[in-house]
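Asks: Knowing the structure of chain A, use the given hints to seat chain B on it.
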Amino acid sequence: MQGLIFDIKRFAVHDGPGIRQTIFFKGCPLDCRWCHNPESKKYSPESFCLKRKFGNHISEETESVGRWMSAGDIIDSVEKDRVFYEESGGGVTFSGGEPLLQTDFLSEVIQLSKKSGFHTSVDTCGYASESDLKKIIPFTDLFLFDVKMTNNNKHKEYTGVSNELIIKNLKLLDEIKMNVLVRYPLIPGVNDLVEDIAGLAALVSSLKNIRTVCILPFHRLSEAKHKKFGYTYRMGGTMEPEKSKIETVSEILKSSGLTVRTGS
Amino acid sequence: MNKRIQKLRNQSLNAVNKISHERAVLVTEFYRSIEGKDLPVPIQRALCFKYIFENKKLCINSGELIVGERGPAPKETSTFPEICLHSVSDLDLIDIRPKVSFKVSDQTRKIYEKEIIPFWTGKTNREKLFSSMSPEWLDAYEAGIFTEFQEQRAPGHTVLGDVIYRKGMLDIIDDIDSVMAGAVSEDEKNELEAMKITARALISFAERYARLLDQLAEKEKIKRRKSELEQMAEICRHVPAHAPRTFHEALQYYWFVHLGVITELNPWDSFNPGRLDRNLFPFYHNEINSGTLNRQKAEELLQCFWIKFNNQPAPPKMGVTAKESNTYTDFALINLGGLNTDGSDAVNELTYLLLDVIEEMRLLQPSSMIQVSHLNPDAFIHRALKIIKTGFGQPSVFNTDAIIKELTLQGKSLADARNGGCSGCVEVGAFGTESYTLTGYFNLPKIMEITLNDGCDPLTGKFIGVRTGNPCDFKSFEELMNAFKKQLFHFANIKIEGNNKIEKLFACNLPVPFLSLLTDDCINNKKDYNAGGARYNTSYIQGVGLGSLTDILTTLKFHVYDEKTMGMGEILGAVKDNFQNFEAMRYILSEKTPKYGNDDDYADDQAKLIFEIFNDAVNARPTYKGGKFRINFLPTTCHVYFGSKTGATPDGRLAGVPLSEGISPVQGADRNGPTAVLKSASKIDHIRTGGTLLNQKFSPSFFRDEESIQKIGYLIRSYFRMDGHHIQFNVVNAETLRKAKIHPENYRDLIVRVAGYSDYFNDLGEELQDEIIRRTEHESAGF
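Line by line, the protein sequences are chains A and B. Per our numbering, the very first residue in the first sequence carries number 1; after that it's consecutive. Per our numbering, the very first residue in the second sequence carries number 1001; after that it's consecutive.
Hints may contain errors.
[Claimed, not checked] Below, in silico cross-link-like pairs of lysine-lysine (BS3-like), each with a Cα-Cα straight-line distance of 30 Å or less:
#1 Lys1592(B) / Lys51(A)
#2 Lys9(A) / Lys1683(B)
#3 Lys1739(B) / Lys53(A)
#4 Lys1386(B) / Lys254(A)
#5 Lys1608(B) / Lys9(A)
Simulated from the structure, these hints should not be mistaken for laboratory data. For clarity, every value in this text was computed on a predicted model and none was experimentally measured.
Bound-form chain A, shown alone:
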């Protein structure tokens, strides 16, 4: 079977332990207003007509985003950097988009990854059925699990879906003692109020095993990408959070007994 992939990044250093290769799945059930990868949302290949300037030459060409790949194709690519994973304790990260939107394919490729001896991470928004999640649990070494907001109304407003399923899945992973890193995108004006952070602290500290939260401060680097592919950038007025803000958030979480990491 084949999966729809929109990018593969080698030397990924922020998506789990060691040096990793990150496989970006195309298609996402959420519609987060701050999404950094607008081209990752749709579960179908897309074509963009781009103008490229090269000296005085302007070339108009079609860039297609989204490529159907077999699990074997992906393993071939991951295999290329084996020496780096062996030295660093790294491996492969499945990200997106949302990898669990293509659960059957993810399940195939993640099993193959384990068989090849790679450490596996799944970077997920958590919005998936319990049965889908369970298909990959036995083959996943680490979940990078996004919690965007604990306030469900706000969650619906900013991402288009309810967070009930997400929180349920987080609790499920916690129950069975999966290795999980909670990731919290910190977006000024969206989820940076004291009550937002208090909600997050309450949720994570109520868990039995999961103790680490990773704060991902909002950045504007994707504005250029939106422009390039012709998407509307919806975060026009939002600035990157100030250092002091990040520190305050971090302090609140730490005071709830959590381990906090900052950075993408």
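Replies: Just chain B, lined up with the frame of chain A:
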């Protein structure tokens, strides 16, 4: 750093680079004085050495703890008229040129005009060298096919082993005497006698310093300085005559020896104490234990030592030599870490102290590197990466395990290999036992350009290669490669024939008895360093433009032979036109064609082919001195010069643009990140080279915290597991560089990694500045 060091460091940084006529005058006086006398050449050279050290001005900078300058004062730089004579117009140019200038006083000009130039014209090694080269050699040199290192400098690259930490000059004289007691020929006797003269001359030179220090001590009012001066005088009476007893004596001894080597002649890449942490550790350890030294004092002494290197810029270069190595740096490369002779981890307490010194001194000279073996701890790499992070390009990172394999493959004993390391940019050597000489850069893409023009240089219209046929008639990629191979062998033969004549010139006319007595087994072999006296003798030809040539060949393979999307004639037409009317084609060639540096075998296979052809043409061929020729891949700044001599190329490169450097991909051609670059770069067999250079550029964010630094450490370990020889990092953002270009006055201390060495950004030529900005920008955009 304390006030003393701050003052000395500022003195060094603020000193203006000047030409000193002192050495030229003394050498001229000496050679005048022996006119008509029939002295054997080694004796002449030794007496000349002695004359210089008996008469040169002494210099003791206020507050310093280690004494001795090559010139009369810091950055007053000697010239070597017996090697290369500067004309008045050369001096004018050196005085006013915008980059790497040296001020020339009116007095110096006059002395040159009246004394130096009339005496040396017609007698210099440079003139002898050019007049003994064949017309084919001269044509290839003119065309920018290769350069010649020994044109303005003596054979160099050499590194001291541990002899001076075990033996004083008097002990070495005893060694010489015991060899002389056996059967020796007249020539051998002269060589050994010459060594003894230079050994004694260095002792006398130190005694001159001791006397001057006594005088200064007598006059000195401040008690603390007075006792320092007295102590320094005592040190100069003890070393170099005797083996050093203390850390301070060991440093002062090395420094006298360094001055001896870089005054005797002007060896390329000066001279180098090599494995400094290993060599000094016993002294450090003993004195720390006995309480006569503490960490702080040791640090201060090392800082004084560092400043001495910075005070000695590379002697002024002209013409092609200036272009291929356009820098004040004289490439003394301090080696840290690696292995001990018995194969154990050599990282010690002093290693970390030396890294502190490197970080705090932040000086252009000496250069520094870390040797990383699989046995060395991660903490060692991480400490070094924290210095690299500051963007000053030092230390560079080397693979000890590869170095040892390279050296043993060349026939060195395991012990000698473990005692080795790298000097200059990335050149491997057995320290204290090898004479290894870089002979010149070799322009690989230019040879392809000649191949595509059936032996003709399209820039001049001159026929300088061999007839290999019209490339449009080649039926296959193999035919093209065969033609290239013929051309490459043709030029390699010319270069090697020239090199052997040049080696003979140095062996016969310019022996170096002082350097010889420091290098095993010159004494036992009764033979000069420049004549093959060392235990090992190696001569290198340095390939330049591997990435560019790989892309050129891949372009032709892909478009002409495999995909058949373009004809050879079509591409060559566009190349001839410098793509002026072929922008669309250039876009395809540049952007839509497989490129080296992306872990794509389709492209990287060509790098392997080039490697094998170049290696076949050069490797293991005999040198005049009885050694072997070998290859390595590094450019210094020669990729810029060679680029200026090479027209447009089928990979979409425009005429005159710099070539790729070292084994790095063409600037901007790598698009899959650093792991792909390292994979591509490791596909050639580093172990069969004498060094390769890989430049990786990172924005500072890749070093931002412990975890990131750890990951860079893993990247290094991975590359080294694939037998990569060397990697260096440029950590600075493009915006800073652009600002520095516009307002150089605000960025005087901005040091960047160029290629195998670091340099002040302000001292780089504009083309090189732009290239580094491009390189850096590409990185920022890519991640």
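Asks: Next, verify each hint and record whether it holds.
Replies: Now the hints, each set against the structure:
no. : hint                   : verdict
1   : Lys1592(B) / Lys51(A)  : 15 Å, holds
2   : Lys9(A) / Lys1683(B)   : 21 Å, holds
3   : Lys1739(B) / Lys53(A)  : 25 Å, holds
4   : Lys1386(B) / Lys254(A) : 28 Å, holds
5   : Lys1608(B) / Lys9(A)   : 26 Å, holds
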